[in-house]
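Asker: Sequence:
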Amino acid sequence: MKKLYLLLGAILAIIGFAKCALAQGQLVVYTSTYPLYEFSQRIGGEQVEVRNILPPGADAHDYEPSTRQMMDIASADIFVYNGGGFELWIDKLLQALDGDHQLVIVNTTADLPLLEVDHHHDHHHHSNFFSRGWNWLRHALGGSHDEHHCHHGPEDPHVWLDPTMAVEQARTIKEKLIEVDRDNSSVYENNFTALEQDLLDLDKLYQKELADLPHRQFVVPHKAFSYMAKRYHLEQIAIAGVHPGAEPSQREVMAIIDFLREQDINHVFFETTVSNRTAETIAHEVGAKTLVLNPVENLTSEERNAGETYFSIMRKNLKNLKIALGG
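Taking mature numbering (1 follows the signal peptide of the UniProt record, and there is no 0), I'd label the letters of the sequence shown as residues -23 to -1, 1 to 304.
Hints are not guaranteed to be accurate.
Dumping the calculated PhoX-like pairs for lysine-lysine here, alpha-carbon to alpha-carbon at most 20 Å [to be verified]:
| hint | residue 1 | residue 2 |
| --- | --- | --- |
| 1 | K185 | K69 |
| 2 | K181 | K293 |
| 3 | K266 | K293 |
| 4 | K299 | K185 |
| 5 | K185 | K266 |
| 6 | K296 | K266 |
| 7 | K69 | K207 |
| 8 | K266 | K181 |
| 9 | K207 | K185 |
Simulated restraints on C-beta separations [unchecked claim]:
| hint | residue 1 | residue 2 | range |
| --- | --- | --- | --- |
| 10 | P131 | E166 | 43 to 53 Å |
| 11 | H261 | V157 | 50 to 60 Å |
| 12 | A188 | G2 | 44 to 54 Å |
| 13 | R292 | R254 | 22 to 32 Å |
Everything labelled a hint here was simulated from the structure, so no lab data went into it. Computed from a predicted model, the values in this text were never measured in an experiment. Cβ coordinates follow ideal geometry from the N, Cα and C atoms, glycine included.
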């Protein structure tokens, strides 16, 4: 694999990072996740051609671009990625580019206050329930209160699920577009302002609809919803960690099942582009109903064909959250 990326670097040096801008003079922008693709399209408008590297239905956590895609990215004008550890392959691309390139690279979370993730609970400590819940799980698994407790860990990259954080990602994209293409700065400013208002309206809708529901806890396949939970004073119970591939052991699954029974939680959420096998097992064992809570990391072919967007999916998420939380 190392030789492959050294070869990629050599190829990029030979071709001189030739730009692939269209005849119309559009900027070519590559993105690493669906939300960034949509935000870039909204802000760039007709001045920008946006290409998302993810095939429909691909798990955004596990996907790694091909050598051909790496070369296409390097010959574009701008590459927009999420950051915060979401793209596990990003260092390989940066190593291949080795600083000698014309590509503008945009890390949309570089200046955002990311949540640290430990092995047991989210870092919004106003949630006494969640602390009690994980203490209960640790006790059930035979661990002491302090055993394996970690105060510092990897960061949670799923910021776009808090619309106010998504605004800041969009702002970063807008600023980079203006930096590269000042002639169209007013277009980017106006388009960003419209997108910002849509995101703030979505935030207000979530605040209104989730404010007075009788329950605050929700169960998800992986820890993608920490920013949403923090923003709207909810409590996320995640079966797997920030990256969904790290599934819990059978012992941990049984402890989660006992915990959900004790708390009388009767809904378990599924996702659309990751395995729901463990979540399905847990839902079956506790007799819970299942609903979809979509982290909007990528779209399936069905969602794309149906014209789904970040906003339409987030509204569906809100509807299902209200059902699960007793609204």
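Asker: Look at each hint and say if it fits the structure.
Answerer: Going through the hints against the structure:
1. Restraint check: the Cα-Cα separation between K185 and K69 comes to about 43 Å, which exceeds 20 Å; the hinted pair is violated.
2. The straight-line distance between the Cα atoms of K181 and K293 is roughly 15 Å, inside the 20 Å bound, and the hint therefore holds.
3. As the CA atoms of K266 and K293 are separated by approximately 17 Å, the hinted pair is consistent with the 20 Å bound.
4. Our distance criterion of 20 Å between C-alpha atoms is met by K299 and K185, whose separation comes to about 11 Å.
5. Of the pairs offered as hints, the one joining K185 and K266 is violated, with about 25 Å between alpha carbons and a cut-off of 20 Å exceeded.
6. Between K296 and K266 the CA atoms are separated by roughly 15 Å; this keeps the pair inside 20 Å, and the hint holds.
7. At roughly 32 Å between alpha-carbon atoms, K69 and K207 are farther apart than 20 Å, so this suggested pair is violated.
8. Between K266 and K181, the direct Cα distance comes to roughly 28 Å. Violation of the 20 Å bound is thereby established for this hinted pair.
9. For the hint linking K207 to K185, the alpha-carbon distance of about 15 Å falls within 20 Å, and the restraint holds.
10. Taking the beta carbon of each, P131 and E166 are about 35 Å apart, not inside 43 to 53 Å as hinted.
11. Between H261 and V157, the C-beta spacing of about 52 Å keeps the proposed range 50 to 60 Å intact.
12. A C-beta distance of roughly 47 Å is found between A188 and G2, which places it inside the suggested range of 44 to 54 Å.
13. One distance hint, 22 to 32 Å for the beta-carbon pair R292 and R254, holds here, with the actual separation near 28 Å.
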